[in-house]
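Visitor: Going down the list, the sequences are from chains A and B.
With the UniProt record's numbering as the guide, the letters of the first sequence map in order to residues 1 to 219.
With the UniProt record's numbering as the guide, the letters of the second sequence map in order to residues 1 to 219.
The hints are simulated quantities; they were obtained by calculation from the structure and are not laboratory data.
By construction, the Cβ of each residue, glycine as well, lies at the ideal position given by its N, Cα and C atoms.
Treat the hints with caution; some may be incorrect.
Cβ-to-Cβ under 8 angstroms is the rule here; a few derived chain B residues that face chain A [unchecked claim]:
1) GLY76
2) CYS80
3) MET106
Over 10 angstroms on every C-beta distance to chain A, these chain B residues come out as not near it, computed from the model [as the list claims (entries may be wrong)]:
4) ASP3
5) VAL32
6) ARG69
Number of protein chains: 2
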Amino acid sequence: MTDLSQTDRTRLRRTHERGAFDRATIDAILDVQPMCHVGYVMDGKPVVTPTFQWREGDHVYWHGSSASRGLRASKGAEVCLTVTILDGFVMARSGMHHSANFRSVMLFGQAFVVPDAQKEAKLSAFIDGLWPGRSAMLRPNSAQELKATTVLGMEIAEGSAKIRSGGPVDDDEDYALPIWAGVIPVRSLTDAPLPDPRNLPGVEMPDHIRSFRQDDQAR
Amino acid sequence: MTDLSQTDRTRLRRTHERGAFDRATIDAILDVQPMCHVGYVMDGKPVVTPTFQWREGDHVYWHGSSASRGLRASKGAEVCLTVTILDGFVMARSGMHHSANFRSVMLFGQAFVVPDAQKEAKLSAFIDGLWPGRSAMLRPNSAQELKATTVLGMEIAEGSAKIRSGGPVDDDEDYALPIWAGVIPVRSLTDAPLPDPRNLPGVEMPDHIRSFRQDDQAR
Ligand SMILES: Cc1cc2nc3c(=O)[nH]c(=O)nc-3n(C[C@H](O)[C@H](O)[C@H](O)COP(=O)(O)OP(=O)(O)OC[C@H]3O[C@@H](n4cnc5c(N)ncnc54)[C@H](O)[C@@H]3O)c2cc1C
Ligand SMILES: Cc1cc2nc3c(=O)[nH]c(=O)nc-3n(C[C@H](O)[C@H](O)[C@H](O)COP(=O)(O)OP(=O)(O)OC[C@H]3O[C@@H](n4cnc5c(N)ncnc54)[C@H](O)[C@@H]3O)c2cc1C
Ligand code: HEM
Ligand code: HEM
């Protein structure tokens, strides 16, 4: 695991002190937030699709229908995969110094198609990464389902993390003003799981469901 | 407020029954989730930047530094602005029928620069949309701050919403299997505001902070 080198594309011009290129920082964000937004170019124009990603070693993966317009356009093409966690609103004494606390990652590169022989293992890693042990408890995938599914991957080679944390930073003279400033923390949270009414009698909620937390803080 | 017509670009090919083109559905998603991801093309390659958006009537807006690489590349150019709310994980009896509950909007079009004369009003609408009445309580914006800030806008003219809700939909024969299925609800939440230690003595938390909820459910 080597840290990423800055490229012309990934050098942060704005608030660059918030940037990070080390894999520990990048991986921690990727591993805690499965949602991502994948950007690709279609007919010269940008498209941003919300989807799920998962990481295995030096790659991130995402999946969908083999007929998906977005996956087809992304194969072998340049994509930008962005993962974002909002941690809070930063309330300052002037408009301009309002901000947000966040952790985000932008990855750039070419997407490749995961070969058929590895597809099932990748999809199981996706499921088990979120819910350890679940893939083995499911009805096995059919050959037709696997054929209908495409898994794309991308090397974690060019990209950056950006992190803001802490309170507002106001202009010196504004601290004398009687204006409430501070942080409104935001986080995501899982509520109690809702069993499907068609679950068979006696089927208990497995540990991987009971202990699952989408809390953006750690997994 | 006219509903959007489907275009070739916005016709949902996958699970099209989840698509919606009426403005009430689209606006409700835009109004409840300030975070968005803006895609633009730079040197022929896609970039996806997390940022905040706000809506006024038939337009969405976003802002940043006048020197921002992303804002400069987006001016007068095609962008895709995507807003996403994750409502839950959908746990099925087979891998393939796992899914997510979500509400999302994709908007396409050309971004324009908000003229200087309207910039301050737009930024106040951004602040007051989240925290009613706050902009008037702040230290006034300086001319230099306004100059350093660019607000981009985009007409809500081409785009779509996509919504999934409800429990898993499994293959008929899989309902006979003793596998736990259901939904794990996810939502975002605000914790108690943290006052800046440098707030002046006697400055109370305003109502617009006390009653603020980033709960993704309604505002
Ligand atoms: C939180 C979240 C997680 C998701 N995870 C996955 C995943 O892991 N795998 C997966 O295959 N899909 C996932 N989706 C759905 C994904 O966003 C796409 O809808 C789906 O992949 C179909 O993509 P496509 O390129 O084939 O779209 P098409 O249906 O070909 O797109 C055509 C047009 O339909 C509209 N459209 C498509 N998707 C959306 C959308 N999400 N919101 C608004 N308009 C839309 C747009 O106008 C688009 O230009 C997820 C969505 C959300 C919100
Ligand atoms: C939840 C959230 C809300 C935000 N809201 C706003 C807003 O309202 N206004 C605003 O101006 N900015 C906002 N930002 C910051 C925004 O994402 C950009 O970092 C900022 O706008 C600078 O953009 P730029 O195009 O000038 O980037 P540059 O600094 O020129 O980008 C150069 C390179 O830096 C890296 N980089 C830049 N931004 C990020 C990032 N967020 N994550 C990882 N790598 C990055 C990328 O490699 C990029 O290619 C928000 C960020 C988050 C996560
Ligand atoms: C009058 C109102 C505002 C003005 C004039 C303004 C101006 C600016 C400017 C100039 C930047 C660029 C900073 C830089 O890149 O160096 C910026 C960034 C930003 N603004 Fe605002 N802003 C305003 C209100 C808000 C509000 C209300 C929020 C949200 C709560 C907000 C959130 C952000 C965020 C998250 C960034 C990115 C900071 C970063 O890159 O780390 N802004 N704003
Ligand atoms: C073996 C495992 C899996 C396979 C084979 C698989 C396959 C597929 C396929 C083929 C589609 C496209 C459906 C369509 O567009 O018609 C799809 C979409 C999707 N998948 Fe998966 N998937 C798997 C696991 C998961 C998991 C674990 C999740 C997350 C919990 C997930 C979330 C989604 C979502 C959200 C969509 C989009 C549905 C929509 O467009 O509304 N998938 N999957």
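Visitor: Work down the list of hints and note, for each, if the structure agrees.
Guide: Going down the list of hints, with the structure as the test:
no. : hint   : result
1   : GLY76  : violated, 13 angstroms
2   : CYS80  : holds, 5 angstroms
3   : MET106 : holds, 7 angstroms
4   : ASP3   : holds, 22 angstroms
5   : VAL32  : holds, 13 angstroms
6   : ARG69  : violated, 6 angstroms
Hint check: violations occur at hints 1, 6; the rest are consistent with the structure.
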